[in-house]
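Chain order of the listed sequences is Y and W.
Per the working numbering, the very first residue in the first sequence carries number 1; after that it's consecutive.
Per the working numbering, the very first residue in the second sequence carries number 1; after that it's consecutive.
It should be emphasised that the hints constitute simulated quantities derived from the structure, not laboratory data.
Note that CB positions come from ideal geometry on N, CA and C, so glycine has one too.
There may be inaccurate statements among the hints.
Derived, one-sided and incomplete: chain W residues facing chain Y with beta-carbon distance under 8 Å [unchecked claim]:
id	residue
1	185
2	194
3	196
4	248
5	251
6	253
7	254
8	255
9	269
10	274
11	277
12	295
13	296
14	342
15	346
In the DMTMM-like style, the derived pairs of lysine to aspartate or glutamate whose C-alpha atoms are separated by at most 25 Å in a straight line are [unchecked claim]:
id	chain 1	residue 1	chain 2	residue 2
16	W	259	Y	354
17	W	259	Y	395
18	W	259	Y	402
Each pair of labels, with its calculated beta carbon distance range [as the list claims (entries may be wrong)]:
id	chain 1	residue 1	chain 2	residue 2	range
19	W	311	Y	18	37 to 43 Å
20	W	125	Y	74	56 to 62 Å
21	W	173	Y	501	40 to 46 Å
22	Y	375	W	268	25 to 31 Å
23	W	99	Y	170	55 to 61 Å
24	W	268	Y	401	40 to 46 Å
25	Y	35	W	69	51 to 57 Å
26	Y	74	W	102	44 to 50 Å
27	W	201	Y	333	16 to 22 Å
28	Y	354	W	331	51 to 57 Å
29	Y	513	W	170	46 to 52 Å
30	Y	46	W	311	30 to 36 Å
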Amino acid sequence: MTTLTTVAPATRRIRSFVHQMRTPTGAIAVIGTVLLVGLAIFAPALWGAEATEVNVDLIAQGPSPEHLLGTDSAGRDILLRTLVAARTSLMYGMLATLIGVSLGVIVGCLPSILPPWIGRLVTAVVNMLVAFPALLLVLFLAVFFGQGATGAVFALGLAIVPDIARLCQTMTASVVGRDFVSAAKVLGVPRTAILFRHIIPSVTDVIVVNATMAAASSLTAMAGLSFLGIGLQAPAYDWGRLLSEGLARMYVSPAAALTPAIAVTLAGIVLTMLGDTIGRALGVTPVISMRKLAGLPSRSAKPEPDRAVAPQPENVLSVRDLHVSFPALGKWVTPVRGVSFDIARGERVGIVGESGSGKSLTALAVAQLIEYPGRVEADAIAFDGVDYAGMSEREVTTHAADLGLKMSMVFQDPMSSLNPSLRVGPQVAETAFLHGGAIRTQASDQATDRLAEVGIQNPKMRARQYPFQFSGGMRQRAMIAMGLMGTPKLIIADEPTTALDATVQRTVMQVLDRVAVEHGSAVMFISHDIALVTGFCERVLVMYHGEIVEDISSADLVAGSAVHPYTKALMASIPTLTTDRSRPMATVADFMKEDKS
Amino acid sequence: MKNMISSAPPDSPDAVAVSEGPLQVDVVAPPAKKAASTNPWVSYLTRRLIRLVISVVVLVTAAYLMVRLLPGDPARLSLGPEATDEQIAVRRSELGLDTSVFTQYFHFWENLFHGDLGKSYSTRLPVFDVITQRMPATLEISVLSIIVILLVGIPLGMAMGEATRGGRNRWLDAMFSSVTGLLTVAPVFVVAAISIYMFAITSPVFPVAGRSGPSSYVLPVLALSLSSTCALARIVRAETFNVLEADYVRTGRAKRMQKSRLFFRHVLPNLVTPTLTFAGLLFGGLIAGSVFVETVFAWPGMGPVVVGSITNRDYPLVQGIVMVYGVLILLINLVVDLLIAAVDPRSRITKL
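Sequences are here, hints too, so could you generate the full structure?
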């Protein structure tokens, strides 16, 4: 992984902006904004007089070389009027935004500095106002301000307040909960100082992006109010007024209505794109650019000699020279590079390695679950006699029943791996229903049996519940039950206990052990916990930077006969009862360094 | 639907009142013990309806204060500048302005329950009659638009989400993003103006003004629904991306089912809540949109009344409109929340 820590944040920001300006959206946004602001500043001085001068000889003419888009009912050039109106439209839109965002930020930050009960009251009021559409607020406020530009601007500004305030509230609430704010509180820093030093800086990015978006909608909304006759009043004019004047003569000269209509839409789009661009540059919204991808790196031509052995049929799984690649930041990265291994029937093999070493991707590739744009290439991925290497998505589908019944997956995070909208029972039963030829009632009976088998009390009732009504350990056991609906020849367990506490972890491991024994299943057990792996598996594969660096029996590994420096370092960094606790805990990196010197 | 969470027997309507009593010990469902004596639906509905009532009270009070806090004498305003002092005094007692503020506020509520929203300053007609006479036309195009928005926006967003996830079909992605992006930003009155140009002037297919026969609905509904449809499609697509990336969809894929089953059974239910939430917000926005649409197409709905009430400073009318539209939005929110509760079991239990 490349580190960006050496680059100062400010420089990185500028770089990020420059990068975004080079994208089509960014370029259009920036050029468009410059044009818009330029028009607003210079157009009235250049053409203002000409655009307001009434000319009785030229009333309502069609397009001509002198007047490219024709003239209006007072003989004034439509194009010039539209260009000049950029100032009023932009100005009033910006004013409304300025009022709305400033007030919104103030109101939004109040709950974090006021006494809690007032804070809650403010939050409640804001939440209620958010549900009301802006026009209703405008209507409400127009009563106070009266019709006209001032009223409309204030009304529009105030209409933005609830949205920005709510955004600010949720943002500040999340920041207030963070450690550095708690630390500042403990140190006795006054609340207002916390607000200005810690809270506001951390929410500005999001506010800036949303303010730009708000400017876009204020601009069109202001034009809308003028269009209805409750915004800008004659003789002043903006795009909204021009449109409403033009609409009456739509049949005679469509340009009179269409020109301001297009102008207001373009301005809205440019500002929206600007917000989008700023957002991307500040990292408020994630950006995925895959357009200029370098070619996929070709696999190394020569596999290691001892791995080149043909897949053995007695093995439940044989993997040869497996590569998994993903596009990232404009080029292909290959987190799994040339992995080869076998798992015999009924054998338990552990895969250990640090996060990012490619363990989970190897498992997903074996299970044919790597999705586009990820790429899997291998000489062989033979599972139970079928070689899946090089098969298309469609070809894999023809083996759906095989994979579904004979290979079972137990995923890492029990909290997120069960579908929150479906009851647990049907989720567990689904495999039998899909591939086992079971009808729905049979499948659900079988699911109840399996839930009981993994030690879930009251399985009938539990099967009717949703995952959110299960504890973490129960969900993980339900996941295992789900894998037992067929007769698994291979159970792929990807860090099945990482998210669980130590006692639940033991129960889950016992369940996994019993299940593997009863069904004679082979297990591919992925973990970063060496003690857990050596206790459960017969053999251990050590992965490091996308490659298998050591293939060793658990007994040998525990006895200390590992060969690869990474494995040695890994073993040495596990603290034991005899570890000298007066020294800082050793890490893998320390041992690797030692090894190199 | 009923009793899916608790295993307690179906509740009688007065179950809420009983729930304060001693809890039944329920050995069958320990996690649901707290809710055991009450059907979750009943308690959810109760809480939700209490919230609705509070919101209505706040809304009505705000609408009352809106006119009360205005500078000037409502009696003088309602009679115009030429009124004599005597006329105004009579009017003041007619309007109850010579009593205390609390009496007046109470009186205001009393009138509301009788369907009396006061009289319009400009036309002298009862506000209630004006609104009931104009509202149906507005509701017609609004409801039709809601149907169009949901029926087009949701399937379009999902199909695009499935087709363009993870960088698939990049040209389709670019086309969808730019077209819907443009149409989402385009304000309703611009869409209305351009649709007149395209479908009424360039090729006269649809009538452009008034309400007469089915074909006259086409352009108003198109103009009112287009932006919202695109906005909804965009949101649904983004949500589809999120769900497709979720761990539980990977679990679903590991079961090797058909793509259609994966989508409709595992993905779709998880899209309902965010989609409905956003759609609820869009429906509120339709009220604003309808004002523009009705102005452009001379539609005989609330639009002209809304605009007229502001230009004429017709306070009773504005007050009435704010209350009626406010209640309408609160009801829409209620319906959306109930729909979400019906589909998403979590919202009944965890959220208010």
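Hints numbered earlier in the text: which of these fail when held up against the supplied structure?
Per hint list: 10, 11, 14, 16, 19, 20, 23, 24, 25, 26, 27 violated.
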